[in-house]
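J.: What follows is each chain in one-letter form.
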Amino acid sequence: MNQSLKSFIKILITIVLSLLIGTIFILVTGENPISAYGALLKGALGTKLGLGTTIANFTPLLLTSVAFVVAAKVGAFNVGVEGEVILGGLAAAYIGINWVFLPAPLLLLACFAGAMAVAAAWAFIPAFLKAYYNVSEVCVTILMNSVALYIGSYLVSGPMSAGTAVPQSDPVQVTIPKIMNPSSANAGLFIAILIVVAVIFMLYKTKWGYKIRTVGTNPAHAEYAGIGSKRVFINAMLLSGMLGGIAGCIEVLGVHGFYLDGFAKDLGTNGMLAALIVKSNIVATPFMAFFIAVLKSGALAMQQASGVPKSVVDIITAIFIVIATMEFVIELKKKHKKGE
Amino acid sequence: MREYIVEMNHIVKSFGEVRAVRNGEFTLRKGEVHSLIGENGTGKSTMMKLLYGMYPIDSGEIIINGEKIEKLDPKSAIAHGVGMVHQEFMLVNDLTVLENVILGFEPKKGLTIDFEKARKDIQHFIDRYQMDIQLDKKVSQISVGEAQRVEIIKTLMRGVDIIILDEPTAVLTPQETRKLFEILANLKAEGKSLVFISHKLNEVMEISDRISVMRQGQYMGTVDKDKTSPLELTKMMIGREVFLNIDKTYSKVGGKVLEVKDIWVSSLKETSKIRGMSLHVNEGEIVGIAGIDGNGQSELIEAITGLRKVEKGSVILNGQDITNKKPRAIRETGLAHIPENRNTRGLNHTMSIEDNLIAVEIDKEPYTKGIMMNVDASSKYAEEMVKQFDIRPTDYKLPTSALSGGNAQKVVVAREVSMNKKLLIASQPTRGVDIGAIETIRNTLEIAKKKGTGVLLVSAELEEIISLSDRIIVIHEGRITGELAANEANENNLGLLMMGGEDELEKGETES
Amino acid sequence: MGLFENLDKIFNVSLIYATFRASTPIIYAALCAALTQQANILNIGTEGIMLVGAFTAVAVSYITGSWFFGIIAAMMGGALIAMIMAVGHIKYNSDICAIGMGINMLAIALTKFLLSVMFGTTGSFANPDIIPIPRIHFAFLENVPVLNDLLNDWCFTEWFVILFVIILQFLFYKTVWGLRLRAVGQFPMAAQTTGIHVNAVKYQAMLISGLVGGLAGAHLSLGYSTQFVENMTNNRGFMGVAAMYFGGANPVLTSVGCLLFGFSDSVGARLQAYGLPAQFVLMMPYVVTVVILAISMIIKLRAEKKRESSLITNEARG
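Chains as they are written, first to last, in my numbering: chain A, 1066 to 1405; chain B, 346 to 857; chain C, 98 to 415.
It is worth saying that the hints were derived from the structure and are not from the lab.
In this text, all values refer to a predicted model and were calculated from it rather than measured experimentally.
Check each hint, because a few of them may be wrong.
Derived SDA-like pairs: lysine to any residue, alpha-carbon spacing no greater than 20 Å straight-line [to be verified]: (1) B/Lys420 x C/Tyr300; (2) B/Lys483 x C/Asn347; (3) A/Lys1344 x C/Tyr189; (4) B/Lys420 x C/Ser221; (5) B/Lys714 x A/Ala1263; (6) A/Lys1375 x C/Leu268; (7) A/Lys1295 x B/Asp708; (8) B/Lys614 x C/Val388; (9) B/Lys714 x A/Tyr1269; (10) A/Lys1270 x B/Lys742; (11) A/Lys1344 x B/His694; (12) B/Lys709 x A/Ala1349; (13) B/Lys454 x C/Leu268; (14) A/Lys1295 x B/Lys671; (15) B/Lys453 x C/Leu379; (16) C/Lys271 x B/Lys714; (17) B/Lys420 x C/Ala400; (18) A/Lys1295 x B/Lys714; (19) C/Lys188 x B/Pro401; (20) B/Lys714 x A/Ile1265; (21) A/Lys1330 x C/Leu379; (22) C/Lys271 x B/Met399; (23) C/Lys188 x B/Lys670; (24) C/Lys188 x B/Asp418; (25) B/Lys453 x C/Asn245; (26) B/Lys670 x B/His625; (27) C/Lys402 x B/Lys453; (28) B/Lys614 x C/Gln283; (29) C/Lys402 x B/Gly658.
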């Protein structure tokens, strides 16, 4: 309890600090920080459209942040969630367009299953290379994100193209219903929440979760205890990939209704951010994902209302993560004690 | 002139919760060899690392050449004339010997390192003390004895008068030990003052002028070599007269549990590679493996337990070929394993005592039902184990990182022994644990044996091997150099076998 | 079809310079990563350092009208960013991957922000007032057929990179600082016991790495091109890190790795003219990088396995 209180205070201090630094940047642009932040909050939560947009932003972030956390629990730094979102979206779009012989509910299921399978297969590559050849998964996943992006871009401007000016696919034949028109918030939110709850449960209540956690914290011990650490590592990465794939599927079926080139931009990165800020604490991660969704959807409103460029929000989140990685709060307290 | 060139008074040093040194005292006279002795983990090394400025002291004072030193780091320690040869060599494997020797004190020529001058300077010391070292080899390619001479040259190059040697003979063969003692005698003759850390009484009696004893972080006293005996030193070290004694029962020995047939196993270090080793363990006996650390013990155990690949040969457990099987399959066949390093292998310190106790049975009922973990069952089991093995603190929801070395080891022992497997491998089971835990652990092994378990015991402590084992196998550089029944074994004949076997034995006898 | 008839147009003399030109920014990035790697710090932030350098170079060159000041400022900017990372990692125990990714995001956001605040534009900034790094023209080569194509009109920083690789090779393996750097990276305790201040060496490595990363960015925005584009590094920093792995942080071997990326990049660009979809061309360096990364690690592990085997007797047995 004491420990979680401490980390909560730390996150709070980090938030305040980054907002303060953000304030400096806003002042540089000659605007009023309070009205800028006000516009941001109002834009994100104050209107029905704004709230809907925030929820629409939150849905994929919830999944991608938890995808990062699952990988982190097994000791992997999975920057590749974004690529997994892209490929999951691609698979969902392909199935949603072409497998029309299936009745709608089955088609929906097939879209999810396909997205998960393809995304997991994609995640298998860095997982395998790391587990068996100790190739840095950070480098591989970063590079593979670009590859995934180009694969998607190629398919929707070539073989899967709808023939429009903007590279995109034909519309899918099954969609996830919207819940807050006119925003793009959709029922995918409930799917995401259900899945995340299931993942948390799995991590802390089942033997699979135990294995993932023990491999992530001490692989040598896991190996000794007869838990195949390589296999567990790969499995957790596959799960991480599946979560990314589901996010892609929800984006394609729920938000756009087709595969849009570049739809996954920053979805993986921002999810990773949310997880990193709370040091992959899986219970805190969804809240941080929501917070970032608020910042993201409010940024545009802030830019329109106050003339502060929305990149200020990116700066704030980046500073956030830089500060959050440091173990400085405890340090400050120690110094304080010595002073007394 | 002052009587002492080094005085350490009322030294206290803690690492986190662990008090490494409670009340440390140490003095050094010019030109003497002063030994610091005590069992493993009694704070000897810590005391000397404090003198060398590796860590700051919590309280107390360090006086060198009459000057009270407030802030000490290795650089200033060297400047004050203190050098240290660490037990684990502080040599960078991928650099050459020459680069290692000059590191931190490199002679320069313009922008570059003046390797020629360095070579000449080092040659001077090599000639003077007749130490043969190969300057252009990488450290990873030289032998342990040579690495140690490199360490000594390193300290000499820095022009120090006080040289601390931390367990220098632990890794040496008898010839190398003799060579080292010659070098140390030369150094002493030149007026250098030496601190010799050891727990081997015969060496200490051979080389020292004065001897200080530490026990559990406390200074127990200093005696002159001429006025003491090994018996008195033992008493000071252990706090009672004799070593821990188990009433050994020669129970009826059953069939073969484990058979290792001519195995070859890889290793990072040349001397730890196993090149053709065969042995067996019967039901109801304890077989001890004696040897100097790093002669293939760890590799042998890892090969048997499936943690390291067997490159040639086979391992039979309970009549089944388990060569290169997965650790899990081997455990199922009937293996329990107390690993040599409880921190990296034996325990996951981020998890609770309870979770650690079920680590190897996580897939089994009652701890898991279907895919769900059954906390009621594991808690009940943990409660039992905590009681039975006297693990403290008793709150089994605490992470094992909160436990002392002895209690943490008890968690490992509890888990492995309670499974009642046919074969129990115990690797360094009492390393770095307190006397109380040593007694519990040794008794546990004895009880397991009585129940008919075959026990394979690896220990760096000869005394432990001799007092527990029924049969003793001695290994050197990855080969078996001899096998003795427990009642024929003593520190002498084991010691000689540990140094390389019969050839060495003959040599040793003719020379002494 | 056309592809095979035109092989001589793809693989000709100008491919050599094209490869080198495409490799140069990656070489600088890889050297930035190699510097910290020698101190056992994986510089994931190379990308961000480089991006900040690229922006600073363009901004300062535009304002002062001097490419030289542009480079100097870029190096300062890179160093500043690297020092944030250094303090976080060394003093406050930040996970290097986490803070490195944070730095990369900060660099993207910060340059975007400054682009709109300072120049009132988004996306990219090109202007005739941005003074590029000069190209070196040898008049005497003008009439030499092959060499003129091959060597004339190189950008100053393209010539310099060759010298710089040699300088770093010398620095790592012949100087006191290099020796200490390698000792700190491989066995910090050993370095500490010889009186070396381990953290000071790490800070120095990060600082110099930042300067080099800044230079990498300056070359990208003032030498390779003459403009700033949002996120213009486009993963070159990560390719540099991959090349650094490939070369084991040895400057010369690392540069060889970079040339491989440059080669695949320029061959791909030529293939595009013969009907290869643009996306495959763009993808090629990334795929090649992953493959090379995997192969170099597999080779390394094989070698280690062989060295550790009990069946082979090593001559060097002491």
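J.: Each of the hints needs a verdict: does it hold here or not?
T.: Hint by hint, here is what the structure shows:
| no. | hint | verdict |
| --- | --- | --- |
| 1 | B/Lys420 x C/Tyr300 | holds (19 Å) |
| 2 | B/Lys483 x C/Asn347 | holds (18 Å) |
| 3 | A/Lys1344 x C/Tyr189 | holds (14 Å) |
| 4 | B/Lys420 x C/Ser221 | violated (52 Å) |
| 5 | B/Lys714 x A/Ala1263 | holds (18 Å) |
| 6 | A/Lys1375 x C/Leu268 | violated (44 Å) |
| 7 | A/Lys1295 x B/Asp708 | holds (17 Å) |
| 8 | B/Lys614 x C/Val388 | violated (31 Å) |
| 9 | B/Lys714 x A/Tyr1269 | holds (15 Å) |
| 10 | A/Lys1270 x B/Lys742 | holds (15 Å) |
| 11 | A/Lys1344 x B/His694 | holds (18 Å) |
| 12 | B/Lys709 x A/Ala1349 | violated (32 Å) |
| 13 | B/Lys454 x C/Leu268 | holds (14 Å) |
| 14 | A/Lys1295 x B/Lys671 | holds (12 Å) |
| 15 | B/Lys453 x C/Leu379 | violated (49 Å) |
| 16 | C/Lys271 x B/Lys714 | violated (63 Å) |
| 17 | B/Lys420 x C/Ala400 | violated (37 Å) |
| 18 | A/Lys1295 x B/Lys714 | violated (24 Å) |
| 19 | C/Lys188 x B/Pro401 | holds (18 Å) |
| 20 | B/Lys714 x A/Ile1265 | holds (18 Å) |
| 21 | A/Lys1330 x C/Leu379 | holds (17 Å) |
| 22 | C/Lys271 x B/Met399 | violated (28 Å) |
| 23 | C/Lys188 x B/Lys670 | violated (44 Å) |
| 24 | C/Lys188 x B/Asp418 | holds (19 Å) |
| 25 | B/Lys453 x C/Asn245 | violated (43 Å) |
| 26 | B/Lys670 x B/His625 | holds (18 Å) |
| 27 | C/Lys402 x B/Lys453 | violated (38 Å) |
| 28 | B/Lys614 x C/Gln283 | holds (17 Å) |
| 29 | C/Lys402 x B/Gly658 | holds (18 Å) |
Violation of the numbered hints given earlier is confined to hints 4, 6, 8, 12, 15, 16, 17, 18, 22, 23, 25 and 27; the remaining hints are satisfied by the structure.
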